[in-house]
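Undergrad: Keeping their order, the protein sequence lines are chains A and B. When the letters of the first sequence are read in order and numbered with this note's numbering, they come out as residues -10 to 432. When the letters of the second sequence are read in order and numbered with this note's numbering, they come out as residues -10 to 432.
Everything labelled a hint here was simulated from the structure, so no lab data went into it. A portion of the hints provided could be inaccurate.
Unchecked claim - With a straight-line cut-off of 27 Å between C-alpha atoms, the simulated BS3-like cross-links for lysine-lysine are:
#, chain 1, residue 1, chain 2, residue 2
1, A, Lys143, A, Lys156
2, B, Lys15, B, Lys(-6)
3, A, Lys412, B, Lys428
4, B, Lys412, B, Lys428
5, B, Lys156, B, Lys143
6, B, Lys156, B, Lys239
7, A, Lys290, B, Lys239
8, B, Lys349, B, Lys156
9, B, Lys412, A, Lys239
10, A, Lys428, B, Lys428
11, A, Lys15, A, Lys(-6)
12, B, Lys412, A, Lys412
13, B, Lys290, B, Lys301
14, B, Lys239, B, Lys228
15, A, Lys239, A, Lys349
16, A, Lys156, A, Lys349
17, A, Lys15, A, Lys143
18, A, Lys239, B, Lys290
19, A, Lys228, A, Lys290
20, B, Lys412, A, Lys428
21, B, Lys290, B, Lys228
22, B, Lys349, B, Lys239
23, A, Lys15, A, Lys156
24, B, Lys239, A, Lys412
2 protein chains.
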Amino acid sequence: MAADKPRIAFIGLGAMGFGMATHLLKQGYAVTGFDIWPPTLERFRAAGGDTATTPSEAVRGHDYVVCMVATAAQAQSVLFEGESPALPALSESVSLLLCSTVPCAYVQSLETQLVEKGRGDVLLVDCPVSGGAGRAADGTLSIMAGGSDRALEKGRFLLQELSDTSKLYIVNGGIGAGSNMKMVHQVLAAVKILATGEGMGFAQQLGLDLTQTYESIQNSDASAWMFGHRGPRILSEFKPIASAITIILKDAGIITSEALRVGFPTPMTGTAEQVYFSSLGRGYGADDDSSLIRLYTEGAKGLASPLTEEDKARKFALVKGLLRGIYLCGTAESLVFAKRCQLDLNQVYDLCINAAGGSKMFETVGPEIISLLRGEQMVAEPNGESLQDVARQLQEAVAEAQRLRMPLYLGTEASNLIRLALKDASSLTQPLHRATIAKVWAA
Amino acid sequence: MAADKPRIAFIGLGAMGFGMATHLLKQGYAVTGFDIWPPTLERFRAAGGDTATTPSEAVRGHDYVVCMVATAAQAQSVLFEGESPALPALSESVSLLLCSTVPCAYVQSLETQLVEKGRGDVLLVDCPVSGGAGRAADGTLSIMAGGSDRALEKGRFLLQELSDTSKLYIVNGGIGAGSNMKMVHQVLAAVKILATGEGMGFAQQLGLDLTQTYESIQNSDASAWMFGHRGPRILSEFKPIASAITIILKDAGIITSEALRVGFPTPMTGTAEQVYFSSLGRGYGADDDSSLIRLYTEGAKGLASPLTEEDKARKFALVKGLLRGIYLCGTAESLVFAKRCQLDLNQVYDLCINAAGGSKMFETVGPEIISLLRGEQMVAEPNGESLQDVARQLQEAVAEAQRLRMPLYLGTEASNLIRLALKDASSLTQPLHRATIAKVWAA
Chain A
-10 MAADKPRIAF IGLGAMGFGM ATHLLKQGYA VTGFDIWPPT LERFRAAGGD TATTPSEAVR
50 GHDYVVCMVA TAAQAQSVLF EGESPALPAL SESVSLLLCS TVPCAYVQSL ETQLVEKGRG
110 DVLLVDCPVS GGAGRAADGT LSIMAGGSDR ALEKGRFLLQ ELSDTSKLYI VNGGIGAGSN
170 MKMVHQVLAA VKILATGEGM GFAQQLGLDL TQTYESIQNS DASAWMFGHR GPRILSEFKP
230 IASAITIILK DAGIITSEAL RVGFPTPMTG TAEQVYFSSL GRGYGADDDS SLIRLYTEGA
290 KGLASPLTEE DKARKFALVK GLLRGIYLCG TAESLVFAKR CQLDLNQVYD LCINAAGGSK
350 MFETVGPEII SLLRGEQMVA EPNGESLQDV ARQLQEAVAE AQRLRMPLYL GTEASNLIRL
410 ALKDASSLTQ PLHRATIAKV WAA
Chain B
-10 MAADKPRIAF IGLGAMGFGM ATHLLKQGYA VTGFDIWPPT LERFRAAGGD TATTPSEAVR
50 GHDYVVCMVA TAAQAQSVLF EGESPALPAL SESVSLLLCS TVPCAYVQSL ETQLVEKGRG
110 DVLLVDCPVS GGAGRAADGT LSIMAGGSDR ALEKGRFLLQ ELSDTSKLYI VNGGIGAGSN
170 MKMVHQVLAA VKILATGEGM GFAQQLGLDL TQTYESIQNS DASAWMFGHR GPRILSEFKP
230 IASAITIILK DAGIITSEAL RVGFPTPMTG TAEQVYFSSL GRGYGADDDS SLIRLYTEGA
290 KGLASPLTEE DKARKFALVK GLLRGIYLCG TAESLVFAKR CQLDLNQVYD LCINAAGGSK
350 MFETVGPEII SLLRGEQMVA EPNGESLQDV ARQLQEAVAE AQRLRMPLYL GTEASNLIRL
410 ALKDASSLTQ PLHRATIAKV WAA
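Build out the structure end to end from the sequences listed, making use of the hints.
TA: In structure tokens, the structure reads:
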């Protein structure tokens, strides 16, 4: 059976790439791996792979190349720069899968560069992935793939090998569309990773037990995938180091620099990015991103006496109000940006609810915002949650943090954004649908 | 001559109050001082004052009472709480000047409390001051005074003694209007104190000499009163400790809590406040606020080689672009808030250009924003600076900081706010007047 399967060149054997490449080995593919870190190559040979010592050597004679390096600069280097770049050794009509998370503008420039260098034959697929190292090794990643029909056709079996059956998204729009889809998802991720630290840090300053807080939040309408994953790592002293702060910072940078380029406002992601930068300055960059809670708990005082059940309930509600306000604004920022990037909003929604950016708030308010972005009139229902309701709960949290003299970077930002949405006179007299928050971002 | 002058009770002999009270002594008034800190009372006696050991004793038999405590809670305590509060000892129709910076809502509640306690005769003046300890001692403060005509009439000579001839502002609107005027001014102050640290921190990360940066900025259209005062203290290692971070944090809290109460968005002040809170968590609260630069320079690397003159000029321009973008948004936030507080915008402008919140940007764009808030059409002139011009320069700075991997809290916030203002399609094709930034805040 293995003899039927094509040989795959795999460039970039980091936490994600190593899992993906060894998964292909287990599926019976012959894989030639390349990485600049020699010990990784040894490990890959031990796992049954072949290895190469240059990008050129890795790709030569292969009909399929997967590139899973960390950044656009690394992809550029592997393909075009140095003594033995991959480009001249690429086979005619090779299938080149760029799985790295890179700016849309980069992967589009890559397509142009290939044409300019006479290699318009390369069948490039723009296919960033999501799901973490565990799912990479299981071949159950979420993958967002864009490219020409021919390129998608040739690469599809390989995308299918690497992804979960229901989580391979073919994104309309050609090269750049996959990266845009990933970028829009990462708006949710970048906001929610910091929100986890902010919410748990707030809980700690409120004197709440963090294990109880974690359970209370995740069993409520303030639950989120990220909170579910980072929360336990906060409880286990930021171990294991599963995702360094520098990783989400890189993705945040892609979002904010692309937003700057096209003139789109990203106040939520921008706020998160500044806090990530501040953690970098303090030497926390390589630490697990759950450790961002430290930026919220400095100088915290303990409580004089234990909390009553009533106090606890009131304080859990404050943390929920904070998180839900943040998630509402994060949802709006991601979906309006998706519209701006001309992505299919239903597909964005479908992808995000099943991925790391998902949350109960995204799940419920997402379809409402999508309706609003399609021009439907969104009217608050008498028994539904209004924007003013979300605002009130968030603002109680912000006011409490002010009394505690602690920062709530995202909560304050969200509170101000909601006030921007509510500033028209009509909002003083009648409840607005919570989806109207999206009008702050929408043109 | 001194015999003609009434005796003054003076409560609160801190850095500001001590200067004000001793200035009154020098002008020939008999002054009875009170403070909870005994060594201060000794110093005040040495300066020729009388002292009292309780608020009640201090005010008894006096026709004029100045209250210059630090917070609303202290004012409340002095007047109504404890064993010997001032209230029962206040003379009939006493002139009570509350010079502390307090929320509008507090001084209004004070007026109500006096009436409720049967002391509607008290001639309360709401008269916060600005200008620092030096001008307090010289009797040349800026004072913003609101109250009933009778109260203002009775207290006027005392306000005149404490203020510069041209800097006593009688604010229309009764009790609360003086505090609102101060609050609106402090929007500028709170933003510009952090902006000084942000601009100088950015300069340091760019490898610029800070003395040269200071001179370049202050000789340009990016100059500001705060930068002029905090800049030199940055150059002298945050000495002297002239204004602790906790002081501007208190004022920022008045702004953001009042804004929250009335539903007004204050994204610039809110951002500054979160950074102030983070400095508090790190134990910097009592340090001079010029030391906020430390939050921007952590982990900074030195430059490999000296800068060329061309590099320097380019980098000074980046710092200017950053500061001017921040000041533009700070100006808009303060003036739209002033309108919301129903203040006389011309008076706000006149006060702010001559006070600590002033800057070249405020001076030039302020009248334009006031025109816009009065409903005038503001059209960008072909040779004038457009909002897009300010945006471009700011965004170059933000992009450079991203490369340096450092936070620009205010710059990023301002950049996103300008993008909110520019999001309509018209802004893609035609230059907008820079005053149109105010539409982000305006209802």
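Undergrad: Each of the hints needs a verdict: does it hold here or not?
TA: Evaluation of the provided hints:
no.	hint	verdict
1	Lys143/A x Lys156/A	holds, 19 Å
2	Lys15/B x Lys(-6)/B	holds, 12 Å
3	Lys412/A x Lys428/B	holds, 11 Å
4	Lys412/B x Lys428/B	holds, 12 Å
5	Lys156/B x Lys143/B	holds, 19 Å
6	Lys156/B x Lys239/B	holds, 24 Å
7	Lys290/A x Lys239/B	holds, 19 Å
8	Lys349/B x Lys156/B	holds, 19 Å
9	Lys412/B x Lys239/A	holds, 26 Å
10	Lys428/A x Lys428/B	holds, 14 Å
11	Lys15/A x Lys(-6)/A	holds, 12 Å
12	Lys412/B x Lys412/A	holds, 17 Å
13	Lys290/B x Lys301/B	holds, 17 Å
14	Lys239/B x Lys228/B	holds, 21 Å
15	Lys239/A x Lys349/A	holds, 26 Å
16	Lys156/A x Lys349/A	holds, 19 Å
17	Lys15/A x Lys143/A	holds, 21 Å
18	Lys239/A x Lys290/B	holds, 19 Å
19	Lys228/A x Lys290/A	holds, 24 Å
20	Lys412/B x Lys428/A	holds, 11 Å
21	Lys290/B x Lys228/B	holds, 24 Å
22	Lys349/B x Lys239/B	holds, 26 Å
23	Lys15/A x Lys156/A	holds, 20 Å
24	Lys239/B x Lys412/A	holds, 26 Å
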